[in-house]
Amino acid sequence: MSVLVIVEHDNKIMNPSTRCVVQAALQIDKNPILLVAGYKCDSVVKEAVDLLGVESVWFADEECYAFNLAEPLAKLVGKVAESFSHILVSSSTFGKNILPRAAAILDITQITDVTEIIDSNTFLHPIYAGNAIEKVRVLDEKKALTIRASAFDAVGNKESACGVEKLAYTFENTHSKFIGQEVHKSVRPELNGADIVVSGGRGLQSIDKFKLVEELADCLGAAVGASRAAVDAGFAPNDYQVGQTGKIVAPNLYIALGISGAVQHLAGMKDSKVIVAVNSDEDAPIFQIATYGLVGDLFDFIPAFISELKTRGLAKC
Amino acid sequence: MKILVAVKRVVDPYVRVRVKSDGTGVETQNIKMSMNPFDEIALEEAIRLKEKGDCHEVVIVSIADNAIQETLRHGLALGADRAILIQAQKTYCSLDIAKILQKVVEKETADIVLMGKQAIDSDSNQTPQMLAGILDWPQATFASEIKITDKSVRVKREVDAGTEELEVNLPAVLSVDLRLNKPRYPSLPNIMRSKQKPLEVIELGSLGLDLKNRTEILEILNPKDRAPGVKVGSVAELVDKLQLDSKVFTGLSH
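Just so you know, the protein sequences line up as chains A and D, in that order. Counting in our numbering, the first sequence runs without a single skipped number right up to 317 at its last residue. Counting in our numbering, the second sequence runs without a single skipped number right up to 254 at its last residue.
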């Protein structure tokens with residue numbers, strides 16, 4: 001049994017979710033191998049070689065991998081897959097984009113959003129927006145899995161770095177061209193790995209008032225999230241969206257402000273350790289899953305909460 | 001240009017699904033079904049591209065039992081020109097669906113396959129990528145903007161960090177995200193007209209595919225229940241609970 005983990009990165013830093021995928025890989029095999037495919041991304045390899053439990057890093061440094069395009073990456077995975085029984089990647093937009101294509105090239109099925117590994121063939125993963133959990137056994141010899149990072153702890157670093165093996169595969173890509181990207185730069189922690197998430201919904205009423213959510217987040221050193229309603233209303237950018245079709249988070253503390261708690265939103269946050277819900281509607285479904293619920297007006301609550309945090313010396317602002 | 005839109009019939013997104021007590025699946029008897037919301041967005045986009053003159057025909061295709069005919073008629077009422085039903089008696093995994101679709105794409109010589117990014121029942125998010133891989137066509141997933149030029153498509157994609165823009169050559173497979181458009185409702189005259197539009201039924205067996213079982217679903221479980229919560233009366237009480245009971249602020253330093 002040997003496991004390949006595809007490393008997600010932007011040619012500069014390794015995405016922290018890779019640490020959670022390695023944790024999942026270690027449950028199948030003691031010596032997983034990491035694949036770093038990119039262009040001029042030595043800094044990523046430097047991070048990867050230090051990960052606990054990793055046997056070796058396979059490094060493909062070619063121009064065709066510069067922008068994480070699915071076509072050359074899937075071909076590369078198809079090429080190196082022979083030696084592996086399992087191929088794992090994070091269930092991010094990166095992983096979901098490339099792994100199914102690679103699986104199809106290999107003529108194997110894929111399991112999406114694995115939350116638990118029962119044995120090397122059997123996995124749990126949520127379906128129906130997290131309202132049901134499917135226990136599935138894969139009959140294909142090779143298994144392609146995208147791993148829900150929030151369901152696995154991150155591995156730390158080991159004392160001595162593992163070795164790097166260079167791969168010389170390159171593919172001419174006549175299919176697609178990268179034009180550009182717009183990255184929402186934020187000084188706040190990344191939503192996916194944050195310890196605390198503060199999310200706002202339609203109850204925030206406007207883009208200006210949504211800033212209150214950000215203010216509270218900054219006081220807690222938290223990441224900012226949003227419901228679909230808030231994103232559709234233009235209060236927050238798309239990549240803030242938490243839910244079935246947005247990001248799936250499981251922080252220690254999730255604070256839902258003015259979010260009613262539609263099934264699709266709950267799918268993205270109901271595995272959070274502690275959930276706080278503040279809503280003026282005492283019948284809002286969010287209260288059914290909240291650890292602590294407070295019925296009240298958001299615009300009174302947020303400043304009062306911030307001042308209480310300051311009084312107790314808990315505020316970072 | 002011909003656009004093929006693949007659609008799936010799923011439990012309506014506003015229905016709260018229940019796991020069957022014997023663990024064999026979720027209750028689907030007497031439950032409202034509708035077109036997968038992402039597929040509606042894909043179909044809407046195809047119709048808009050036709051209205052703009054970028055494409056001459058929109059064909060919808062589904063792989064299901066006869067109950068899907070209602071969903072296909074809905075698609076025709078929205079503006080699709082014709083429908084194809086690949087009649088299948090059981091559900092297939094994404095890879096098999098992709099293989100079936102490949103046959104349809106080749107038969108129809110489609111230029112673009114437009115699909116939802118995921119079905120809200122299986123939540124797999126695989127079929128478009130797999131189809132693109134099998135066809136060796138370019139893919140652009142999670143599209144929030146699509147512009148067709150002569151031989152290529154410019155697509156804005158929603159990715160975790162923000163958005164990115166790709167140019168893919170035609171033919172291509174595109175999967176759509178929520179923000180691409182707002183689907184229309186069918187008008188009554190269009191519903192009437194849809195009854196006259198062609199709906200071709202093809203037996204899955206006639207496609208000559210060898211589809212084997214790739215997975216075995218052992219059990220469908222209920223998600224773990226959360227411990228019941230409490231309502232607090234004031235901000236001070238809330239911070240007390242967070243600080244003392246849940247100890248969530250232990251990692252915070254000031």
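Misleading hints may appear alongside valid ones.
[To be verified] What follows is a set of in silico ranges between Cβ atoms, one per label pair, in the way DEER data are often shown: (1) D:N30 x A:R137: 27 to 35 Å; (2) D:R184 x A:G313: 52 to 60 Å; (3) D:K107 x A:D297: 57 to 65 Å; (4) D:N30 x A:D153: 40 to 48 Å; (5) A:E82 x D:N30: 29 to 37 Å; (6) D:V201 x A:Q181: 38 to 46 Å.
[As the list claims (entries may be wrong)] Taking beta-carbon pairs under 10 Å as the criterion, some of the chain D residues facing chain A (in silico): (7) R18; (8) V19; (9) D22; (10) V26; (11) Q29; (12) A98; (13) D111; (14) A140; (15) R154; (16) E165; (17) L188; (18) E216; (19) R226.
[Unchecked claim] Distance condition first, Cα-Cα at most 27 Å in a straight line; then the derived DSS-like pairs of lysine-lysine: (20) A:K135 x D:K32; (21) D:K241 x A:K211; (22) A:K316 x D:K241; (23) A:K142 x D:K103; (24) A:K79 x A:K12; (25) D:K231 x A:K310; (26) D:K247 x A:K316; (27) D:K224 x A:K135; (28) D:K147 x A:K177; (29) D:K212 x A:K135; (30) A:K273 x D:K241; (31) D:K247 x A:K142; (32) A:K177 x D:K212; (33) A:K142 x D:K212; (34) A:K209 x D:K32; (35) A:K273 x D:K231; (36) A:K46 x A:K79; (37) A:K177 x D:K231; (38) D:K32 x A:K310; (39) A:K135 x D:K20; (40) D:K99 x A:K135.
Quick caveat, the hints were computed from the structure, so don't treat them as lab data. It should be emphasised that the depicted structure is a prediction, and the values quoted were computed from it without experimental measurement. Built from N, CA and C at the ideal position, the CB exists for glycine as well.
Outcome of the hint check:
no.: 1; hint: D:N30 x A:R137: 27 to 35 Å; result: holds, 30 Å
no.: 2; hint: D:R184 x A:G313: 52 to 60 Å; result: holds, 55 Å
no.: 3; hint: D:K107 x A:D297: 57 to 65 Å; result: holds, 60 Å
no.: 4; hint: D:N30 x A:D153: 40 to 48 Å; result: holds, 42 Å
no.: 5; hint: A:E82 x D:N30: 29 to 37 Å; result: violated, 49 Å
no.: 6; hint: D:V201 x A:Q181: 38 to 46 Å; result: holds, 44 Å
no.: 7; hint: R18; result: holds, 8 Å
no.: 8; hint: V19; result: holds, 5 Å
no.: 9; hint: D22; result: violated, 13 Å
no.: 10; hint: V26; result: holds, 5 Å
no.: 11; hint: Q29; result: violated, 15 Å
no.: 12; hint: A98; result: holds, 6 Å
no.: 13; hint: D111; result: violated, 14 Å
no.: 14; hint: A140; result: holds, 7 Å
no.: 15; hint: R154; result: holds, 7 Å
no.: 16; hint: E165; result: holds, 4 Å
no.: 17; hint: L188; result: violated, 28 Å
no.: 18; hint: E216; result: holds, 5 Å
no.: 19; hint: R226; result: holds, 5 Å
no.: 20; hint: A:K135 x D:K32; result: holds, 25 Å
no.: 21; hint: D:K241 x A:K211; result: holds, 26 Å
no.: 22; hint: A:K316 x D:K241; result: holds, 19 Å
no.: 23; hint: A:K142 x D:K103; result: holds, 25 Å
no.: 24; hint: A:K79 x A:K12; result: holds, 25 Å
no.: 25; hint: D:K231 x A:K310; result: holds, 23 Å
no.: 26; hint: D:K247 x A:K316; result: holds, 17 Å
no.: 27; hint: D:K224 x A:K135; result: holds, 14 Å
no.: 28; hint: D:K147 x A:K177; result: holds, 14 Å
no.: 29; hint: D:K212 x A:K135; result: holds, 19 Å
no.: 30; hint: A:K273 x D:K241; result: holds, 14 Å
no.: 31; hint: D:K247 x A:K142; result: violated, 43 Å
no.: 32; hint: A:K177 x D:K212; result: violated, 36 Å
no.: 33; hint: A:K142 x D:K212; result: holds, 15 Å
no.: 34; hint: A:K209 x D:K32; result: violated, 37 Å
no.: 35; hint: A:K273 x D:K231; result: holds, 17 Å
no.: 36; hint: A:K46 x A:K79; result: holds, 24 Å
no.: 37; hint: A:K177 x D:K231; result: violated, 53 Å
no.: 38; hint: D:K32 x A:K310; result: violated, 50 Å
no.: 39; hint: A:K135 x D:K20; result: holds, 14 Å
no.: 40; hint: D:K99 x A:K135; result: holds, 24 Å
Figure legend: structure checked against the earlier numbered hints; hints not met, in rising order: 5, 9, 11, 13, 17, 31, 32, 34, 37, 38.
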